[in-house]
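Below, each chain spelled out in residue letters.
2 protein chains.
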Amino acid sequence: MAVHRYNFPTEIHFGPGARKLLPAKLKEFGIRRALLVSDKGVAGQPFFDELLRLSGAAAVYAELSGNPVESHVHAALEAWRDAACDGIVALGGGAAIDVAKAVAVLAGHKGCLFAYAEGVPGQKPVSGPVPPVVALPTTAGTGSEVGRSAVISEDGSHVKRIVFSPKLMPRAALLDPELTVGLPPGVTAATGMDAVTHLVESYITAGDYNPLCDGVALEGLRLAARSLKRCVAKPRDLAARGDMMNAALMGAAAFQKGLGATHSCAHALSTVCDMHHGLANGIMIDFVMAFNKPVCREKFKVMAQVVGAKELVGWLTGLKRSLGIPRGLAKAGVRKEHLPRLVDVAVADPCHQLNPRPVRRKDFEALFSKALRA
Amino acid sequence: MAVHRYNFPTEIHFGPGARKLLPAKLKEFGIRRALLVSDKGVAGQPFFDELLRLSGAAAVYAELSGNPVESHVHAALEAWRDAACDGIVALGGGAAIDVAKAVAVLAGHKGCLFAYAEGVPGQKPVSGPVPPVVALPTTAGTGSEVGRSAVISEDGSHVKRIVFSPKLMPRAALLDPELTVGLPPGVTAATGMDAVTHLVESYITAGDYNPLCDGVALEGLRLAARSLKRCVAKPRDLAARGDMMNAALMGAAAFQKGLGATHSCAHALSTVCDMHHGLANGIMIDFVMAFNKPVCREKFKVMAQVVGAKELVGWLTGLKRSLGIPRGLAKAGVRKEHLPRLVDVAVADPCHQLNPRPVRRKDFEALFSKALRA
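Line order of the protein sequences matches chains A and B. Each residue of the first sequence is one higher than the one before, counting from 0 in numbering that gives the first Met the number 0. Each residue of the second sequence is one higher than the one before, counting from 0 in numbering that gives the first Met the number 0.
Treat the hints as calculated values from the structure; they're not laboratory data. Since the structure is predicted, the reported quantities are computational estimates derived from the model, not experimental observations. Mixed in with the good hints, there may be bad ones.
Here are some of the chain B residues that sit facing chain A, going by a computed Cβ distance under 10 Å [what the hints assert, rightly or not]:
(1) Ile11
(2) Ser70
(3) Ala205
(4) Tyr208
(5) Asn209
(6) Pro210
(7) Gly214
(8) Leu217
(9) Asp242
(10) Gln304
The C-beta atom is built at its ideal place from N, Cα and C for all residues, glycine as well.
Work out the full structure, taking the sequences as your base and the hints as a guide.
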């Protein structure tokens with residue numbers, strides 16, 4: 000007997016200008032002394048001052064750049080404590096939102112962050128109170144604004160650790176496409192491929208049954224097929240940017256079911272080569288889907304129908320090309336000598352355990368080798 | 000500027016045997032003295048005693064039959080007060096779940112139920128505390144187990160009143176297909192068509208934009224297309240019954256966007272002819288969709304693709320036929336002299352205000368006349 004659980008609790012407000020709801024939401028959630036968590040890139044954007052004002056922040060931590068590491072969390076936590084904050088506004092991409100969630104965990108839980116990470120020996124549960132987080136994403140990819148996890152790397156090894164709990168879901172997400180129109184094409188493409196990877200992998204995952212997530216994943220894929228190329232070609236197209244913000248959150252809402260082997264490859268590429276997560280997913284997805292195809296024929300047909308293509312793997316390859324995502328790993332700086340370590344990290348990564356087709360060490364070797372030669 | 004809000008908070012547990020989670024859920028929500036609300040038909044089912052035991056109910060109200068009216072709510076509220084209950088278990092179809100929700104409102108709100116109904120002069124808000132409801136549906140149609148409204152009729156006039164608030168959502172829904180295998184084919188067909196109507200109308204509604212709901216509606220329609228006929232032909236098929244339970248909840252999750260004119264027709268048929276809500280939707284849906292088609296060509300194509308048919312309206316008509324739903328209203332006991340009142344009630348009903356094609360009085364006249372002649 001399998002009994003499956005599903006719900007989508009985050010309150011989402013979507014539309015140009017949604018950021019202006021921030022003061023009302025802070026009031027509603029009883030946040031009087033917000034910590035604003037952001038990153039260096041966002042702090043240089045024209046909208047940053049407006050958001051600083053709207054948040055009425057008692058403290059700001061905006062020192063992030065690249066993949067977030069544990070020391071970022073500790074620095075932000077210090078700002079939280081110094082200003083006696085009572086809630087968090089996360090403004091940025093997945094890095095800022097994940098750091099905000101990690102600070103929220105440590106605000107009410109003793110000890111080191113990674114004591115709460117998935118799969119560590121003696122893992123502690125997130126059982127205490129977690130202060131409210133309001134997320135304003137500035138990219139359309141990770142969907143962390145509705146996700147249940149914070150992905151933070153170790154400072155030294157760059158190994159990614161995942162803290163997971165439904166309590167990590169932000170109380171509200173304000174999706175304002177005006178915050179994404181300034182994203183450079185390369186970031187738009189890479190984060191967009193991250194969303195596409197979430198949508199595809201959650202739909203075919205061997206994880207828990209969840210028909211709401213299936214529907215959300217397919218509809219998100221329809222939006223991405225309609226609008227991702229347009230976001231790169233016409234960066235100021237608000238309708239396309241809005242579609243991609245929705246596609247991103249839908250990917251994250253859907254992947255509560257589970258993900259797959261593309262993510263294990265991408266986690267390895269980030270750990271070993273410090274590659275951007277979305278770019279890594281974007282390069283690997285068609286290789287992994289070609290590998291999965293024999294066991295997912297029916298679901299691949301449904302996805303092809305939704306994106307309006309004859310066949311899914313070919314569509315993904317074409318999408319990469321039109322977005323300027325490299326066909327293979329060599330152009331992204333990966334070399335043959337990285338292979339053994341990439342394979343080691345991917346094999347150890349938990350995501351592929353829910354891949355619809357079991358992935359053995361020799362399969363990862365073949366996948367990375369193909370992607371390196373392409 | 001439009002800013003749209005969406006979330007799906009109800010915790011759903013789905014699978015054969017999900018009912019056995021009830022004691023754990025009651026404990027989790029702090030319910031020690033549950034009121035069990037059910038209906039006469041369910042009280043005669045073999046599983047009723049098991050659920051009575053699992054709920055450890057301090058009080059039982061199981062006097063419902065047919066569409067629920069205000070006096071049912073007052074009788075159940077008396078049982079709630081006499082036993083000093085602190086939470087509600089709703090076991091049944093939409094009637095039992097809606098009465099449970101209405102009792103939950105009155106438990107923490109003064110005055111008459113309909114003071115909180117949509118659109119009444121001086122409508123009061125559901126601003127106070129609402130005790131937790133755990134829903135165990137025994138039909139697959141209304142989806143009230145995840146819905147935000149309670150539909151209760153006036154005792155005398157049978158006019159349907161809708162109490163709406165996100166606070167009315169049950170805290171948890173336990174979807175156990177074993178509770179539906181005993182449903183007679185006629186009820187399976189009528190409640191199933193109710194779910195189909197929710198899925199179709201919410202997808203095309205002119206109501207708020209919500210891409211998660213769009214995806215949920217389409218996926219629910221896929222499940223219904225796959226399994227509704229099978230539930231009628233093979234009543235003990237648990238997989239098909241499970242698909243329809245999901246389709247029903249997905250219909251209700253999706254219609255937070257809004258519904259359309261089929262529902263206004265059905266509300267009129269219930270009010271004027273005391274017709275079962277699902278049967279009324281089932282009879283009217285293809286007539287209303289033929290009317291809507293000119294303004295929804297793209298969405299109709301997507302839905303036809305999802306159900307695997309050439310064209311949506313023809314598919315709906317064929318589905319009705321194969322389920323034993325009457326083609327038109329005459330076979331369901333409606334007569335020509337009912338027409339003026341049907342039109343009056345439908346025009347006054349709020350649902351059609353979100354129909355994708357505006358529906359004037361003469362349109363309702365034409366729809367009912369066509370359905371009566373068919």
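Okay, the hints, checked on the actual structure:
Of the supplied interface hints, the one on isoleucine 11 of chain B holds, with its beta-carbon coming within about 5 Å of a beta-carbon of chain A, less than 10 Å. The beta carbon of serine 70 of chain B is not positioned within 10 Å of any beta carbon in chain A (closest approach about 34 Å), and the interface hint is therefore violated. For alanine 205 of chain B, the suggested interface contact is broken, since its CB lies about 17 Å from the closest CB of chain A, more than 10 Å. Checking tyrosine 208 of chain B against chain A: minimum C-beta separation of about 8 Å stays under 10 Å; hint holds.
Interface hint at asparagine 209 of chain B: satisfied, since its Cβ lies 9 Å from the closest Cβ of chain A, which is below the 10 Å cut-off. At its closest, the beta carbon of proline 210 of chain B sits 5 Å from a beta carbon of chain A; the interface hint therefore holds under the 10 Å criterion. Given hint, glycine 214 of chain B at the interface with chain A, holds; its Cβ is 3 Å from that chain's nearest Cβ, closer than 10 Å. With 10 Å as the threshold, the beta carbon of leucine 217 of chain B comes within range of chain A, its nearest partner Cβ sitting at about 6 Å, so the hint holds.
Residue-level restraint check for aspartate 242 of chain B holds (minimum Cβ-Cβ distance to chain A is 8 Å; threshold 10 Å). Satisfaction of the interface hint for glutamine 304 of chain B is found here, the shortest Cβ-Cβ separation to chain A being roughly 6 Å, below the 10 Å cut-off.
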